[in-house]
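There are 4 protein chains.
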Amino acid sequence: MKTRSPESLADLEQTKLLLCELLGNFYRLGWCTGTGGGISVKVPGGYLMAPSGVAKEYVRPQELFELDEEFKVTNSSRLDGLRLSECAPLFASIYRKCGAGSVIHTHSVAIVLATRHETKSETLCFERLEMIKGIRGASYLDRHQVPIIPNTPRECDLEASLTRALDRLAANAHAVFVRDHGAYIWGRDVMEAKRHAEVYEWLCQFKNAAAGLRS
Amino acid sequence: MKTRSPESLADLEQTKLLLCELLGNFYRLGWCTGTGGGISVKVPGGYLMAPSGVAKEYVRPQELFELDEEFKVTNSSRLDGLRLSECAPLFASIYRKCGAGSVIHTHSVAIVLATRHETKSETLCFERLEMIKGIRGASYLDRHQVPIIPNTPRECDLEASLTRALDRLAANAHAVFVRDHGAYIWGRDVMEAKRHAEVYEWLCQFKNAAAGLRS
Amino acid sequence: MKTRSPESLADLEQTKLLLCELLGNFYRLGWCTGTGGGISVKVPGGYLMAPSGVAKEYVRPQELFELDEEFKVTNSSRLDGLRLSECAPLFASIYRKCGAGSVIHTHSVAIVLATRHETKSETLCFERLEMIKGIRGASYLDRHQVPIIPNTPRECDLEASLTRALDRLAANAHAVFVRDHGAYIWGRDVMEAKRHAEVYEWLCQFKNAAAGLRS
Amino acid sequence: MKTRSPESLADLEQTKLLLCELLGNFYRLGWCTGTGGGISVKVPGGYLMAPSGVAKEYVRPQELFELDEEFKVTNSSRLDGLRLSECAPLFASIYRKCGAGSVIHTHSVAIVLATRHETKSETLCFERLEMIKGIRGASYLDRHQVPIIPNTPRECDLEASLTRALDRLAANAHAVFVRDHGAYIWGRDVMEAKRHAEVYEWLCQFKNAAAGLRS
Numbered sequence: 001m002k003t004r005s006p007e008s009l010a011d012l013e014q015t016k017l018l019l020c021e022l023l024g025n026f027y028r029l030g031w032c033t034g035t036g037g038g039i040s041v042k043v044p045g046g047y048l049m050a051p052s053g054v055a056k057e058y059v060r061p062q063e064l065f066e067l068d069e070e071f072k073v074t075n076s077s078r079l080d081g082l083r084l085s086e087c088a089p090l091f092a093s094i095y096r097k098c099g100a101g102s103v104i105h106t107h108s109v110a111i112v113l114a115t116r117h118e119t120k121s122e123t124l125c126f127e128r129l130e131m132i133k134g135i136r137g138a139s140y141l142d143r144h145q146v147p148i149i150p151n152t153p154r155e156c157d158l159e160a161s162l163t164r165a166l167d168r169l170a171a172n173a174h175a176v177f178v179r180d181h182g183a184y185i186w187g188r189d190v191m192e193a194k195r196h197a198e199v200y201e202w203l204c205q206f207k208n209a210a211a212g213l214r215s
Numbered sequence: 001m002k003t004r005s006p007e008s009l010a011d012l013e014q015t016k017l018l019l020c021e022l023l024g025n026f027y028r029l030g031w032c033t034g035t036g037g038g039i040s041v042k043v044p045g046g047y048l049m050a051p052s053g054v055a056k057e058y059v060r061p062q063e064l065f066e067l068d069e070e071f072k073v074t075n076s077s078r079l080d081g082l083r084l085s086e087c088a089p090l091f092a093s094i095y096r097k098c099g100a101g102s103v104i105h106t107h108s109v110a111i112v113l114a115t116r117h118e119t120k121s122e123t124l125c126f127e128r129l130e131m132i133k134g135i136r137g138a139s140y141l142d143r144h145q146v147p148i149i150p151n152t153p154r155e156c157d158l159e160a161s162l163t164r165a166l167d168r169l170a171a172n173a174h175a176v177f178v179r180d181h182g183a184y185i186w187g188r189d190v191m192e193a194k195r196h197a198e199v200y201e202w203l204c205q206f207k208n209a210a211a212g213l214r215s
Numbered sequence: 001m002k003t004r005s006p007e008s009l010a011d012l013e014q015t016k017l018l019l020c021e022l023l024g025n026f027y028r029l030g031w032c033t034g035t036g037g038g039i040s041v042k043v044p045g046g047y048l049m050a051p052s053g054v055a056k057e058y059v060r061p062q063e064l065f066e067l068d069e070e071f072k073v074t075n076s077s078r079l080d081g082l083r084l085s086e087c088a089p090l091f092a093s094i095y096r097k098c099g100a101g102s103v104i105h106t107h108s109v110a111i112v113l114a115t116r117h118e119t120k121s122e123t124l125c126f127e128r129l130e131m132i133k134g135i136r137g138a139s140y141l142d143r144h145q146v147p148i149i150p151n152t153p154r155e156c157d158l159e160a161s162l163t164r165a166l167d168r169l170a171a172n173a174h175a176v177f178v179r180d181h182g183a184y185i186w187g188r189d190v191m192e193a194k195r196h197a198e199v200y201e202w203l204c205q206f207k208n209a210a211a212g213l214r215s
Numbered sequence: 001m002k003t004r005s006p007e008s009l010a011d012l013e014q015t016k017l018l019l020c021e022l023l024g025n026f027y028r029l030g031w032c033t034g035t036g037g038g039i040s041v042k043v044p045g046g047y048l049m050a051p052s053g054v055a056k057e058y059v060r061p062q063e064l065f066e067l068d069e070e071f072k073v074t075n076s077s078r079l080d081g082l083r084l085s086e087c088a089p090l091f092a093s094i095y096r097k098c099g100a101g102s103v104i105h106t107h108s109v110a111i112v113l114a115t116r117h118e119t120k121s122e123t124l125c126f127e128r129l130e131m132i133k134g135i136r137g138a139s140y141l142d143r144h145q146v147p148i149i150p151n152t153p154r155e156c157d158l159e160a161s162l163t164r165a166l167d168r169l170a171a172n173a174h175a176v177f178v179r180d181h182g183a184y185i186w187g188r189d190v191m192e193a194k195r196h197a198e199v200y201e202w203l204c205q206f207k208n209a210a211a212g213l214r215s
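First to last, the sequence lines map onto chains A, B, C and D. The first sequence begins at 1 in my numbering and counts up by one. The second sequence begins at 1 in my numbering and counts up by one. The third sequence begins at 1 in my numbering and counts up by one. The fourth sequence begins at 1 in my numbering and counts up by one.
Just chain A, with the same shape it has in the complex:
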């Protein structure tokens, strides 16, 4: 991040406060318990990103990483003992390839469970649900398809398959699911990324519950 005017600094502080508030909300929703999950957002001159391996509901604004446009940390001297997530390069790929303004990483039980419905499929499909319209550009008549990639022992090793998934991304999809792991979900800005995360959470909760109905 570059030097900023007082005004953009105020905006930056507001954005940091919002990210911390959302992390608290995500914790209560069960998306980032066990220090999992994360959030990042594009800001003028770079990005903000939550630290890794800490209780997300306790993260304070001054503990967020600031990164420049090449995803290099610029405030590490002030973040003693905090660690950038291994999934930073994955976030970078999504920003680069999808024109995202914000990316959320969720470990929700509902989403991981949904990746287990058909263990050989490379896609999870949602259809015939009004909630699909909560994804930008998607309509109720769509078969909304989200790619599933296999998990790897280290998060940084997901990059190749994530990149391929982004290349074959179906129209309107704003997420990549990682089997046995969670999901990367994005939007134009942080509130859209949040909306998309809530929609995919709803869709997976529904899919899991509907699978249990006698039919």
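Just so you know, not all the hints are guaranteed correct.
As the list claims (entries may be wrong) - If you want the footprint, here are the derived chain D segments under chain C, 3+ residues with CB under 8 Å:
no.	segment
1	30-36
2	63-77
3	171-181
To be verified - Think about it this way: if two alpha-carbon atoms lie no more than 27 Å apart in a straight line, the pair counts; the simulated DSSO-like pairs of lysine-lysine are:
no.	chain 1	residue 1	chain 2	residue 2
4	C	LYS72	C	LYS120
5	C	LYS16	B	LYS207
6	D	LYS42	B	LYS207
7	B	LYS72	B	LYS97
8	C	LYS207	D	LYS42
9	B	LYS207	C	LYS72
10	B	LYS207	B	LYS120
11	B	LYS120	A	LYS207
12	C	LYS207	D	LYS120
13	D	LYS16	D	LYS72
14	A	LYS120	D	LYS42
15	A	LYS207	C	LYS207
16	D	LYS42	A	LYS207
17	D	LYS72	D	LYS97
18	D	LYS42	D	LYS72
19	A	LYS207	B	LYS207
Hints listed in this document are in silico derivations from the structure and should not be mistaken for laboratory results. Even for Gly, the Cβ is constructed at its ideal location relative to N, Cα and C.
Model the placement of chains B, C and D on the given structure of chain A, informed by the hints.
Just chains B, C and D now, kept in the frame of chain A:
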């Protein structure tokens, strides 16, 4: 809405605060995540209605639409960037045909799941549950029947089938369910609409869970 | 209730605040949505009881009914528009027959679902669960048996079968379940009644979930 | 605990506040309803431990037991009417044998349910889940195995089998599950114990839900 006395303006502000508080509660209950769902209430000279497509738990009193008795927005100049929901005409039909004082639109997973139990039925039936008495005029001995209408790609296209459902509404029913989508639920005033929404939520949660019991 | 000293009035106000706080907690737990459920407590000279048919999470201390030792309301003049619950005589029976100091009425989905496991049994049995020890006097080795009585269209008509159930109450049981309806749960004081309500809730949640396990 | 400097007293008060805050969180997560569950932490010169048999979400800092290095209570004179948990010797064993800095006892429904999947196995096994990495030293490729011991009527009688379980503890396991009862979970410090408790909770919720999927 027409010009108001200072007193009714105070009442109006109280009502707006209550609506915003309830939207926060509905968000936490999972009824309006992903910016879905909504609430409206009849006030002297017109109606109040939550904006569409925004995070409902963040809506502030001054962001609620004010509409006159013909459901025309009267405060749009002050609501820059906000959009009235496509379901406004549906709300208008319910006010007109049911003598409602408040209407809630919920996207609850439990309610949508309940519309999937019998995919060809045009009615969802609840019986033998004390909670049914939470619906005004309903008794424990009732077979309480709620109409289900099919979803349409655009919310405004629900109007014809919603109107027909309201015409064939069973005694005491205070809701129309939309398959794959959610429900419109109403009451004499906002607290009764809330009570009815909680009762239908409970009944659907129960029906879904009971369907999973071995019998 | 009789005339009180300033000190016991202060105690009474504290008790009222606690009841309102607990009602908020019970609402969030799903025990008294749709205005259902309730709570009452024995105080010097009589009882306190939550009003019926109102949103329980909004009840304020001054809206609680005060009753004398014969369960006659003594503060009705100050409770305009509020209604005593039809289940007041049931609460009175429990106080009289069980030496209770506080009674809770819950409409929890988990408890109602548990009354449906064996629809002909007059008893629900819990065993082999540490949580049973949360009931006063109960041990891990107990088969802890709670009576189930059938529901009636009007709550006041439950009195005869409730009384019979209290007469045949198994050792250590502190609840009567009402099929399709909910439960009456009690304790020596309000915190013990709350503890017992949480234990029965846990036991029913577990029983329902375990019934879904493949075995 | 020994006499302390003003500085370490301030630290101690902070730690007590944190424990009370976490107990409130655990209550809302359903880990210590019905007065069950507990938490303890190693501090200079001894340990802190939550009292037994009280509503955990209401515990105040001055109600925490202070114990010396031999697990003898040193502040009992100030804790009138409070009782040390019968599981104190179990906590002591875990501190001694595992080098733990904090131990949590949870009664979560999800964990107890998970102990019922295979009622004869002495181990619960988790595999192929990213969340496993939330346990210190564990990797995604691990078959992460947690010992299950049978419950006993009195908590203090668990000590022998708990000790044996700790002796045969698989690499990286930071928990012992007690069938029909709950779990003891630990970490180097209180935040790691909390992280581990959240991870085991997640893993059990997932295992229970996945068991219900048609496959």
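Comparing the hints with the structure gives:
1. 30-36: holds (count 5)
2. 63-77: violated (count 0)
3. 171-181: Check passed, 3 qualifying residues.
4. LYS72/C with LYS120/C: Cα-Cα ~37 Å, so violated.
5. LYS16/C with LYS207/B: violated (35 Å)
6. LYS42/D with LYS207/B: violated (48 Å)
7. LYS72/B with LYS97/B: Roughly 18 Å separates the two Cα atoms, so the pair holds.
8. LYS207/C with LYS42/D: Between LYS207/C and LYS42/D the Cα gap is close to 36 Å, so the pair fails against 27 Å, i.e. violated.
9. LYS207/B with LYS72/C: Not satisfied, since the Cα-Cα distance of roughly 38 Å exceeds 27 Å.
10. LYS207/B with LYS120/B: holds (17 Å)
11. LYS120/B with LYS207/A: holds (19 Å)
12. LYS207/C with LYS120/D: holds (19 Å)
13. LYS16/D with LYS72/D: holds (18 Å)
14. LYS120/A with LYS42/D: At roughly 47 Å apart (the allowed maximum being 27 Å), LYS42/D and LYS120/A break the hint.
15. LYS207/A with LYS207/C: Distance ~24 Å between LYS207/A and LYS207/C Cα, so the pair holds.
16. LYS42/D with LYS207/A: With Cα atoms ~44 Å apart, LYS42/D and LYS207/A exceed 27 Å; violated.
17. LYS72/D with LYS97/D: holds (18 Å)
18. LYS42/D with LYS72/D: holds (13 Å)
19. LYS207/A with LYS207/B: holds (17 Å)
Against the hints set out earlier in the document, violations occur for numbers 2, 4, 5, 6, 8, 9, 14 and 16.
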